Each structure stands twice: as structure tokens, then as C-alpha cells.
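Peer 1: Spelled out from the first residue to the last, the chains are:
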Amino acid sequence: MIVTVTLNPALDKLLTTDNFRLNQISRAEEIILEPGGKGINIGYALSVLGHEVVFMGFVGGRVGDYIEEKLRNFGLTTNFVHLENETRTNIIIVDAQRKTQTQINEPGPFVRPEEMERLKQNFARTLGYAKMVVIAGSLPPGVDPFHAVELVKMAQAKNVPVTINFSEGPFAETIKSHPYLAKPDIRISPTFMGKPMKFKRKRIEVLKKLTEEASIAMLNLGFESYIASRDEVYEVTAPVCQVASTVRINDALLAGAIDALLEGKGIAEAGRKGMATAMAITSSLKGEIESAKDVEVHLDRVEVRKIET
Amino acid sequence: MKLRKVKEIMIRDLTAVSQHATLREVAKILAIRRLAGLPVVDENQKLIGFISEADIIYSIVPSHAQKETVFLRNFAELTRKLSQAGERKVKDYMTANVESISEDDDTYTLADLMLGRNYKSLPVVREGRLVGVVSRAEVCRALMEEKEEGD
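Chains C and P, in that order, give the protein sequences. Residues 1 to 309 (the working numbering) make up the first sequence, in order. Residues 1001 to 1151 (the working numbering) make up the second sequence, in order.
It is possible that part of the hints are untrue.
Computed spacing ranges between beta-carbons, pair by pair [what the hints assert, rightly or not]:
| # | chain 1 | residue 1 | chain 2 | residue 2 | range |
| --- | --- | --- | --- | --- | --- |
| 1 | C | L33 | P | G1128 | 57 to 63 Å |
| 2 | C | R305 | P | K1002 | 37 to 43 Å |
| 3 | P | A1054 | C | E150 | 34 to 40 Å |
| 4 | C | K70 | P | E1008 | 45 to 51 Å |
| 5 | C | P113 | P | E1145 | 41 to 47 Å |
A few chain C residues facing chain P, derived, Cβ under 10 Å [unchecked claim]:
| # | residue |
| --- | --- |
| 6 | G60 |
| 7 | E68 |
| 8 | L71 |
| 9 | R72 |
| 10 | T77 |
| 11 | F80 |
| 12 | E84 |
| 13 | M116 |
| 14 | T126 |
| 15 | S167 |
| 16 | E168 |
| 17 | G169 |
Note that these hints are calculated values from the structure, not bench results. The structure displayed is predicted, hence computed values, not measured ones. From the three backbone atoms N, C-alpha and C, an ideal C-beta is built for every residue, glycine too.
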């Protein structure tokens, strides 16, 4: 069983519209409501790939109930702590004509100390059965990076490997605990660890640096992905493919890689599986995949290249 | 006709409390989740009991409450009793050795157990570990669907 912890889940409200402009009224054509938040997305992809996943974290209010119900309708196992405050909604505007995707994320509900405490207790109880813990996404108000560090250490104390996927602040704190797999979220900031991410050389430098702390590190900018261990670095790219929505690309890359690593594969194959999963997920507007077969068809099309450093 | 298994119809939710949790905490979870009771699990998620709304009410108003009516008339005294009750532990009020059903049992066995013992919901276990819950609503729906498939 894999445990995913989403401390700040969201209801992703995706609207499609043509010719989206600022300061103008637009009419939505398609409206899609899906549970979101990194841990949930990663867990969803892992479950399609055939893993038993327990979804943990915080949900609250009607939005929280909706997320939980949707996950259960998929036959997924939930173990959320329910908050007094309401879970956030993120708005994603997809303009197929202009080929733009605009996203606004809410900060999320305030989490009280006793609610964090309850999460830790629930988390401790599931560790005896977990073969991997994935802690991912932003932190809601009231939750500090040291709480995430505590969760990492609790899992490690029970010999459960940990995957972390945060933006720079919490990432910098948690990677010090030497997780098994680390992937920073670099979507919002153009720089990471003070280095501009638009230069490939800088990305490789960052990646090498991360493997000093984590056993395996991943990094991606859209369909340009990298995976590294202390000894090897691979660049993983996808051929030109049909993309409906890139909302869950980063999470799919990570889920595919975790799946391959749990099967005992090396990092090159993990990078490949990650990219194949991302290709399958992004071909659907909802970010859904039917079965592991939808991922397998892409495996041979992924390019994996070793980088000499 | 092949009957469906409990794991195909159960609600895969693991909301539960430890026996060391306080009644106040349980009451809060029950209110937020609109539930009538919660499974109690040990530190390895093994099912060890069940705590219900009735157990909590009993902790404040036990059946011998008449003897204490005098005290209860005093509002300050009642408030004190309530706040004390909130700090009491689940382990002293839960039903231990609670009935459960295995995720691999079939829906007929489940229905029989529920009706026979008048359970409204049951925890579902795998090797003693809590993996979900199942209520009469799920049993009802499952049995209706079994019938349709058999027609």
C-alpha cells in the first residue's frame, strides 16, 4: 500500500473558453470539476497503475466532502482529517484557440494545531502497512515546513521510503531529512536554489546538488524531464503528442517513476515510465486514464538519454 | 449466481480514533462527519472497538442519573461535569470486541449478520486491520443490483 499525504487539496475547476482575455467577460464551454492537489493527483495515477493507495491529508466543508466522495466513487481509500474550514477551489482556464492555460490557486483553509495532531496520529497508524509515503503539494495556512519534516521522519523511523514534492520553501526544509525520492515543484518560480531554470546546465547542477541529500532526484519543465541518482543523470523527453491539458503533467511524471522504482527498476526506466504516464494523463482534459495499458502504449515512444557530467 | 464481496461494495474510508482519544475529540469528528459512531483502532490500525454517540451521552447522563439530579440542576455543576466528560478517554466508554466483517465475505453473509444482530453499519477488516465500513445503504443497493443481474 502507498500512502499519499495532501496537506492542501483542492477542487480543480477547469473551464474551457475561446479567446480568453483579461478585462473581458468570457463564456465557459466545458466545466470540469475534479479533485486536485499534488498528493491526490499522484495517488490517483498510482492507483490506475495498479497500486493500493490510501489518500491522507486535510479536507473540509462541502468542497472537502465532494473531493472525498469523488475519490471513493473511484474505489479509492480515504483517510482524511476533516477541518472546520472549507477546502480550497483552484480555477484553471484553458483556451484551446490561443493555446493558453491560466491558473489561479487559493491559499487554502487554516489548519488548527489539534487538526495537525490528529493527522499525525492517523499517519502513524498506517505506516506499518506502507511501502512508500508520498508527501506533496503546497502547505495550507497553519501548517509549517517543520510539520512536513516531522511526517518524513515518522515514516523513516518505520523504514518506509519517502517521496517529497514541494515548492522551494518546504522542499528545502524536507530534503535535509534525506528522502528516497525528491522532486521540487518549479512551476511558479523562474529560479530554484538561486539558479535560473531556463538553462539546462543549471537544471543539471541543481539536480546533482539534490542527489547529495536524496537517493533519487527528479526535475521537469513541461515535457522536458530529468532523473538522477548519485551516479547517473538522464534526460527524458516525449515526442510531439496530443495534449488536452497539462494540469497534472508533473504529478503523472512522479507517479510513473514511483511505480517503476517500486517494481525494482532503475532510474532510466523510472524516467521512461514517468513520461509515458504524463503522456497518457495529458491527453485527457480531465487528466484521467482508464488503465495501465493507456500508459504502456507510450513507453516505446519516450526518449531516455544519459547525460555525461 | 456469484455474489459480490464486501470489498466491492464497502466505503473505503478509514476514519477512526485511538482508544486514548478523548470523548470531546470523538464528538467533534461525529458532528463534522455527520456519523453515529466511529471504529476504534490500535497503533497498527487493528480494530479494537467502536464508540457511538450513545456511549458519549451515557458518559454524561448514566442510567443512574436520577441520584444526581440535584447536582444537575446546578448549571455550574453541569458545566463542570460536561467539561470533565470531554476529557474522558474512549477506552473507558467504547464497546470492545466489536463485531466486524471481512472484506472477502460475500454480501449475503453481510446482510444476514446486519439483520440478525440489527447492526446499522459494520467495520470491514483484512486480517484484523480496518479497511473500510459498510452500512445498510450499501447492502441494500448491492442486493438490488444482484437481483437485476440475475433476472
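Peer 1: State for each hint whether it applies.
Peer 2: Results of checking the hints against the structure:
At about 38 Å, the beta-carbon gap between L33 of chain C and G1128 of chain P misses the expected band of 57 to 63 Å. About 50 Å separates the C-beta atoms of R305 of chain C and K1002 of chain P, a value inconsistent with the hinted range of 37 to 43 Å. The supplied range of 34 to 40 Å is met by A1054 of chain P and E150 of chain C, whose beta-carbon atoms lie about 36 Å from each other. Between K70 of chain C and E1008 of chain P the CB atoms are about 19 Å apart, so this pair departs from the stated range of 45 to 51 Å.
Between P113 of chain C and E1145 of chain P the beta carbons are some 45 Å apart, a value that agrees with the proposed interval 41 to 47 Å. Because the smallest distance between the Cβ of G60 of chain C and any Cβ of chain P comes to about 8 Å, under 10 Å, the interface hint for this residue holds. Checking E68 of chain C against chain P by beta carbon gives a least distance of about 8 Å; that is within 10 Å, so the hint holds. Taking 10 Å as the C-beta cut-off, the interface hint given for L71 of chain C holds, the closest approach to chain P being about 9 Å.
A cut of 10 Å between beta carbons decides the hint on R72 of chain C: the least distance to chain P is about 6 Å, and the hint holds. Annotation: T77 of chain C was flagged as interfacial toward chain P, and the flag holds, the nearest CB pair being 4 Å apart, inside 10 Å. The beta carbon of F80 of chain C comes within 8 Å of a beta carbon in chain P, closer than 10 Å, and the hint placing it at the interface holds. Of the supplied interface hints, the one on E84 of chain C holds, with its beta-carbon coming within about 7 Å of a beta-carbon of chain P, less than 10 Å.
The interface hint given for M116 of chain C is broken, as the beta carbon of that residue sits about 14 Å from the closest beta carbon of chain P, more than 10 Å. The beta carbon of T126 of chain C comes within 6 Å of a beta carbon in chain P, closer than 10 Å, and the hint placing it at the interface holds. Interface hint at S167 of chain C: violated, since its Cβ lies 28 Å from the closest Cβ of chain P, which is beyond the 10 Å cut-off. For E168 of chain C, the shortest C-beta to C-beta distance to chain P is roughly 32 Å, which exceeds 10 Å, and the interface hint is violated.
Violation of the interface hint for G169 of chain C is found here, the shortest Cβ-Cβ separation to chain P being roughly 30 Å, above the 10 Å cut-off.
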